[in-house]
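Student: Quick mapping for you: the protein sequence lines, in order, are chains A and B. Note that this note's numbering has the first sequence beginning at 1, numbered continuously upward. Note that this note's numbering has the second sequence beginning at 1, numbered continuously upward.
No lab work stands behind these hints: they were computed from the structure. Misleading hints may appear alongside valid ones.
Pulled a few chain B residues facing chain A out of the computed Cβ check, cut under 7 angstroms [claimed, not checked]: (1) 1; (2) 8; (3) 40; (4) 90; (5) 99; (6) 104; (7) 107; (8) 109; (9) 115.
Every beta carbon over 12 angstroms from chain A, so not counted as near; a handful from chain B, in silico [as the list claims (entries may be wrong)]: (10) 21; (11) 30; (12) 64; (13) 74; (14) 105; (15) 126; (16) 135; (17) 236; (18) 249.
Even for Gly, the Cβ is constructed at its ideal location relative to N, Cα and C.
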Amino acid sequence: MAVALTAAAAPATAAGTARTMAAMKLAVLRHSMNGQKAGLIAVGGTLGLVLAGGTLFAAFQSGDLLAAAYAVWMLGWILGPVFSGGGDETLRPEYFTLLGLPPRRLAGGLLVGAFVGVAPAISLLALAGLAVSGVRQSPAAVLAALPAMLLQLAIFVLLSRVAVAALGIALRSRAGAIGTGLVNGAILAALGQGWVFVVALGQAGGITPEASAVLRYLPSGWGLAAVEAVGAGNWAHAGLALGAMAVLVALLLAVWAALLTRRASAARASARGRRPMTASTASGAVTAKELRAWSRDLVRTHQLTFAVAYGVFFAAAPLVLGVDVMLPWAGPIFIVMAAAMTAGLYAVDGTALWLTLLVPGAADVRGRQRAWLLVVGPVAVALALACTAAVTGGPWPMVLALTAALLGGGAGIVPLMSVYALVPGTDPHRRGGNPLRVSEDDGALTGMAYAVLALVALTGAPAAVAVVLYGWAGVAVGVVTGVLCWWGFGLLAQRRLHARGPELLQTMRTGKRPASASGDWGSFDELPKRERIIVAVCMTIAAIPLFPQGVVPALFKINDVESKSWFLALHLAEAFQWPVIVMMILLGLGLYVLGAWTFYRHRRR
Amino acid sequence: MTPALEIVGLSKTFGEKVAVDHVDLTVPQGSFYGLVGQNGAGKTTTLSMAVGLLRPDGGSARIFGADVWTDPSRALSMVGVLPDGLAMPERLTGREVLTYLGLLRGLSRQVVAERAEELLSVLELDVAEKTLVIEYSTGMRKKIGLATALLHAPRLLVLDEPFEAVDPVSAATIKTILRGFVAGGGSIVLSSHVMALVEQLCDHVGVIDGGRVAAAGTLEQVRGDLSLEDTFVGLVGSADTGTKELSWLSR
Chain A
1 MAVALTAAAA PATAAGTART MAAMKLAVLR HSMNGQKAGL IAVGGTLGLV
51 LAGGTLFAAF QSGDLLAAAY AVWMLGWILG PVFSGGGDET LRPEYFTLLG
101 LPPRRLAGGL LVGAFVGVAP AISLLALAGL AVSGVRQSPA AVLAALPAML
151 LQLAIFVLLS RVAVAALGIA LRSRAGAIGT GLVNGAILAA LGQGWVFVVA
201 LGQAGGITPE ASAVLRYLPS GWGLAAVEAV GAGNWAHAGL ALGAMAVLVA
251 LLLAVWAALL TRRASAARAS ARGRRPMTAS TASGAVTAKE LRAWSRDLVR
301 THQLTFAVAY GVFFAAAPLV LGVDVMLPWA GPIFIVMAAA MTAGLYAVDG
351 TALWLTLLVP GAADVRGRQR AWLLVVGPVA VALALACTAA VTGGPWPMVL
401 ALTAALLGGG AGIVPLMSVY ALVPGTDPHR RGGNPLRVSE DDGALTGMAY
451 AVLALVALTG APAAVAVVLY GWAGVAVGVV TGVLCWWGFG LLAQRRLHAR
501 GPELLQTMRT GKRPASASGD WGSFDELPKR ERIIVAVCMT IAAIPLFPQG
551 VVPALFKIND VESKSWFLAL HLAEAFQWPV IVMMILLGLG LYVLGAWTFY
601 RHRRR
Chain B
1 MTPALEIVGL SKTFGEKVAV DHVDLTVPQG SFYGLVGQNG AGKTTTLSMA
51 VGLLRPDGGS ARIFGADVWT DPSRALSMVG VLPDGLAMPE RLTGREVLTY
101 LGLLRGLSRQ VVAERAEELL SVLELDVAEK TLVIEYSTGM RKKIGLATAL
151 LHAPRLLVLD EPFEAVDPVS AATIKTILRG FVAGGGSIVL SSHVMALVEQ
201 LCDHVGVIDG GRVAAAGTLE QVRGDLSLED TFVGLVGSAD TGTKELSWLS
251 R
């Protein structure tokens with residue numbers, strides 16, 4: 001803190017403010033470079049370096065490829081924060097409210113602070129691709145690349161900040177919450193199904209001239225456009241592109257400053273739907289309370305809309321290629337995504353848990369399960385029925401079995417994980433101006449979402465296997481496993497809540513997970529550093545061999561899809577294809593098991 | 001007569017810090033008991049352990065003879081609790097909070113509706129009928145918390161800082177309710193660091209300092225001939241009580 005404090009002595013100028021904030025950010029980062037955060041930063045940094053390396057590689061290949069890569073970087077900057085608890089909140093605007101800084105200077109200072117960090121450093125490395133592109137053209141183009149890199153980075157960082165600020169404002173109204181949920185879900189689904197668009201491009205014969213032009217008209221392509229213009233000797237064009245970037249930076253800064261002044265307290269609740277409670281039992285009262293939270297908390301509205309949009313767009317994306325086999329899966333995908341989004345079922349209530357503890361007999365978990373089913377169930381069933389009916393000869397037994405199994409699985413796994421691996425949430429009335437930020441430990445919350453995603457998907461496995469083997473009889477299996485998951489996991493969650501209630505409350509109260517008793521499910525950051533990295537790496541990359549390199553090519557082969565995309569197995573000789581697919585699936589599962597085992601083994605000690 | 005609340009040897013350590021160190025307290029039936037101490041003295045930790053919201057490292061707490069940790073259903077049905085600074089079901093209105101909690105406590109719908117109506121009107125929360133708890137002011141939060149503590153007609157109230165951030169008018173209302181509760185045979189434990197308030201309301205006092213009981217008994221026993229404030233400063237104040245000045249503020 002010494003750095004921050006000495007710098008704080010002269011904050012009267014804009015440059016002083018900026019220097020202070022950069023020093024503050026450095027100090028906070030230095031203090032948090034231990035435990036879990038260091039592990040996460042190491043893993044994220046490594047992945048980022050790989051991506052930056054790929055971008056530099058693209059720079060040696062072609063301008064079009066580089067422009068496409070930068071478009072992806074820009075999307076990442078805009079969307080990243082939406083899915084990781086509101087992005088980098090090391091320095092919060094609220095901290096500086098009482099200083100009475102002019103908004104523009106506050107935004108400027110926060111911007112400088114925002115440049116200090118791992119993500120901007122890695123992005124700058126990726127943007128060195130502009131210099132590479134310059135080298136391939138002329139010495140003057142290399143010179144032009146330098147300002148272009150910095151301006152491009154400023155555009156990325158600012159777009160990210162403006163997106164988060166705008167989302168914060170949008171989440172204050174129901175329409176805004178629904179709208180952003182739809183857009184975010186659609187974009188994330190499109191990214192998850194990126195292969196569809198790569199294949200579509202392949203069918204169109206690479207990046208078309210139109211696409212190439214569009215890529216350079218996007219703000220992510222302006223830096224490249226400037227470098228290429230210098231390379232071609234078109235100085236006017238180059239000046240125009242650089243000037244446009246500078247103007248955009250100024251404009252975004254102004255917009256951000258304006259949005260910062262509007263960033264008030266937490267997201268407001270809706271004023272509608274105030275009918276009196278008609279419940280007459282204890283668990284009915286819990287259900288009624290939860291249903292009201294679902295309809296009044298705009299963050300929850302956003303999460304649900306997001307899950308719907310994700311399910312629909314993910315399943316519908318292959319329609320671009322004329323492939324409709326995935327469409328009927330919209331319902332099941334929605335259920336799994338909804339479960340992941342609601343993984344913090346108890347965390348979002350914060351310390352309100354004390355009321356539950358004071359009434360030991362009340363069936364809190366059952367009430368919450370019922371509310372979850374009432375909210376997710378009807379949408380899931382409607383999606384499953386409509387999307388399967390839309391396909392001729394749709395896989396009815398599979399969809400129905402999975403819908404039943406996953407609904408029960410979600411209703412069981414969500415409360416179970418929520419009490420067994422509680423990530424403490426911030427009390428609703430103490431949250432800052434960023435409505436996406438519901439916990440101080442957003443990394444752990446994101447991890448929880450993935451864990452719930454995987455576990456809920458697993459609860460569908462018996463039903464899926466039964467359908468493959470016995471057809472319609474599998475639907476009965478789905479119903480039975482669904483009911484069993486709901487009942488059994490709910491019971492476990494209720495018992496845990498009774499047995500460890502005070503510890504859970506203490507966790508919420510302090511925001512820290514307690515030093516766990518041996519053999520208990522404690523936290524990730526108690527692992528030794530080496531194990532932490534193993535677990536994080538396993539859990540991060542396991543999905544790649546399992547899904548895109550394993551399950552998707554398997555589906556392609558079963559359905560005789562021509563495209564090979566980037567699926568390794570499909571590029572090999574026919575005889576090797578199935579063995580490689582099986583090996584990839586086993587590799588993915590193996591990585592998950594290794595990660596889980598490493599985690600659990602140390603938990604036991 | 002069984003004490004309303006009997007705390008024996010309660011202890012709690014957080015990491016290195018001993019927050020509560022073998023605290024013994026006895027709250028007789030029908031008494032109005034004030035627990036005083038500096039910030040961080042261990043008042044909240046003690047009260048949390050006494051009502052089952054925090055698991056003690058050692059010791060026990062009994063409410064009218066029922067152990068909080070081995071017989072929680074019976075013990076907790078006789079106590080109403082107002083914790084300090086904890087969340088409520090934030091997306092409910094005041095009436096909905098009371099309805100939800102009443103049903104959770106096993107009261108019938110009819111009873112819940114009547115009591116909620118009366119509590120809201122006495123605590124002057126009925127004007128904010130359409131306001132969600134998350135939009136309540138700090139004082140309103142205290143009042144709805146008190147309403148939840150009173151809803152199931154408990155025989156003991158455990159209140160942590162019930163008057164903090166409450167405006168004088170609301171404070172007067174709350175004092176009237178609490179006095180009436182004691183006059184009707186109920187018992188109250190409240191924590192505070194406002195000595196004048198404790199002197200005005202309570203007949204019993206416990207002084208907590210550094211996680212230990214520094215003094216306990218009736219108000220007269222504890223303060224003797226001095227004011228409670230002087231007794232308190234004498235008990236917990238450091239030797240050097242001379243107030244230091246801030247150099248840049250004195251001209």
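Student: Each hint should be assessed against the structure and marked as holding or not.
Tutor: Results for each hint:
1. 1: Since chain A brings no Cβ nearer than about 25 angstroms to residue 1 of chain B, farther than 7 angstroms, the hint is violated.
2. 8: violated, 18 angstroms
3. 40: violated, 14 angstroms
4. 90: With Cβ-Cβ at 4 angstroms, under 7 angstroms, it holds.
5. 99: This hint holds: residue 99 of chain B lies near chain A, its Cβ roughly 5 angstroms from the closest one there, short of 7 angstroms.
6. 104: holds, 5 angstroms
7. 107: Violated. Min distance 10 angstroms.
8. 109: Where the cut-off is 7 angstroms and the nearest Cβ of chain A is about 5 angstroms from residue 109 of chain B, the hint holds.
9. 115: With a minimum Cβ separation of about 14 angstroms from chain A (threshold 7 angstroms), the hint on residue 115 of chain B is violated.
10. 21: holds, 18 angstroms
11. 30: With a cut-off of 12 angstroms, residue 30 of chain B remains clear of chain A, as the shortest Cβ separation is near 23 angstroms.
12. 64: Non-interface label stands for residue 64 of chain B: nearest chain A Cβ at 16 angstroms, farther than 12 angstroms.
13. 74: violated, 10 angstroms
14. 105: violated, 6 angstroms
15. 126: The claim stands: residue 126 of chain B keeps its Cβ more than 12 angstroms from every Cβ of chain A (closest is about 14 angstroms).
16. 135: violated, 7 angstroms
17. 236: Since the minimum Cβ distance to chain A is about 25 angstroms, residue 236 of chain B lies beyond 12 angstroms and the statement holds.
18. 249: holds, 18 angstroms
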